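Visitor: Chain by chain, the residues:
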Amino acid sequence: AQKVTQAQTEISVVEKEDVTLDCVYETRDTTYYLFWYKQPPSGELVFLIRRNSFDEQNEISGRYSWNFQKSTSSFNFTITASQVVDSAVYFCALSETGYSTLTFGKGTMLLVSP
Amino acid sequence: NAGVTQTPKFRVLKTGQSMTLLCAQDMNHEYMYWYRQDPGMGLRLIHYSVGEGTTAKGEVPDGYNVSRLKKQNFLLGLESAAPSQTSVYFCASSYMIGAGGGTDTQYFGPGTRLTVL
Numbered sequence: 001a002q003k004v005t006q007a008q009t010e011i012s013v014v015e016k017e018d019v020t021l022d023c024v025y026e027t028r029d030t031t032y033y034l035f036w037y038k039q040p041p042s043g044e045l046v047f048l049i050r051r052n053s054f055d056e057q058n059e060i061s062g063r064y065s066w067n068f069q070k071s072t073s074s075f076n077f078t079i080t081a082s083q084v085v086d087s088a089v090y091f092c093a094l095s096e097t098g099y100s101t102l103t104f105g106k107g108t109m110l111l112v113s114p
Numbered sequence: 001n002a003g004v005t006q007t008p009k010f011r012v013l014k015t016g017q018s019m020t021l022l023c024a025q026d027m028n029h030e031y032m033y034w035y036r037q038d039p040g041m042g043l044r045l046i047h048y049s050v051g052e053g054t055t056a057k058g059e060v061p062d063g064y065n066v067s068r069l070k071k072q073n074f075l076l077g078l079e080s081a082a083p084s085q086t087s088v089y090f091c092a093s094s095y096m097i098g099a100g101g102g103t104d105t106q107y108f109g110p111g112t113r114l115t116v117l
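Protein chains in written order, with my numbering: chain A, 1 to 114; chain B, 1 to 117.
So here's chain A without its partners, still in its complex pose (with noise of 0.2 Å):
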């Protein structure tokens, strides 16, 4: 059965400081699509990044990045330098060939202090 654990509830960092956020995943099927979601204090769910899991190339965006790696069932994001903007809660999601919904991670919650 799929499944996706966020281990870190909670992380608090200085700003300026780099921190990874951990997603280990579980699935049965060869041809699957991993998500990062970011939810800020106002609410809304902002998509940061779709990637299918033929292609392990890891991603940079700015100050994001995404290390994906099929061996470890793992599809960590880090953000370098981190501002206090980056406070959210961050989701980790899994689409499965099959399946029409995707299953979420419970969400690290991301506290960057001043």
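Quick caveat, the hints were computed from the structure, so don't treat them as lab data.
There could be a bad hint or two in this list.
[Stated by the list, open to error] Heads up, incomplete: computed chain A residues facing chain B, CB under 8 Å, no partners named:
(1) 31
(2) 48
(3) 66
(4) 79
(5) 96
(6) 97
(7) 98
(8) 106
[Unchecked claim] Examples of chain A residues toward chain B, derived with CB under 7 Å:
(9) 95
(10) 99
(11) 107
The structure displayed is predicted, hence computed values, not measured ones.
All C-beta atoms, glycine included, are put in the ideal place defined by N, C-alpha and C.
For this one, chain A is given, so just place chain B on it according to the hints.
Guide: Relative to chain A, chain B alone:
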């Protein structure tokens, strides 16, 4: 494009009252979803739809009904509201991906904050 919109943004109900939440999307997505979010509980799927005229139950469907009469709209109904239904409700929509019918990126509406007294 407005994306995914939800009506209303806020609502206060008394126990036993009924209401309908409206979700609309202008991205021609096949799939639509209703979630609820409670403190510390993450996102929980209530109902979803893979196409016009079809609906299915999610993780927490009790006390809710849905309808998808038009592709762009997905309605969530509470027939007799209970305090346990106090929550923030999110609608989302997505394309189908792959031959197996998986869901592509889900795009979310801004949410509806519902309080049941």
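Visitor: Against each hint, give a clear statement of whether it holds in the structure.
Guide: Hint check results:
no.	hint	result
1	31	7 Å, holds
2	48	10 Å, violated
3	66	15 Å, violated
4	79	20 Å, violated
5	96	6 Å, holds
6	97	4 Å, holds
7	98	4 Å, holds
8	106	4 Å, holds
9	95	5 Å, holds
10	99	6 Å, holds
11	107	5 Å, holds
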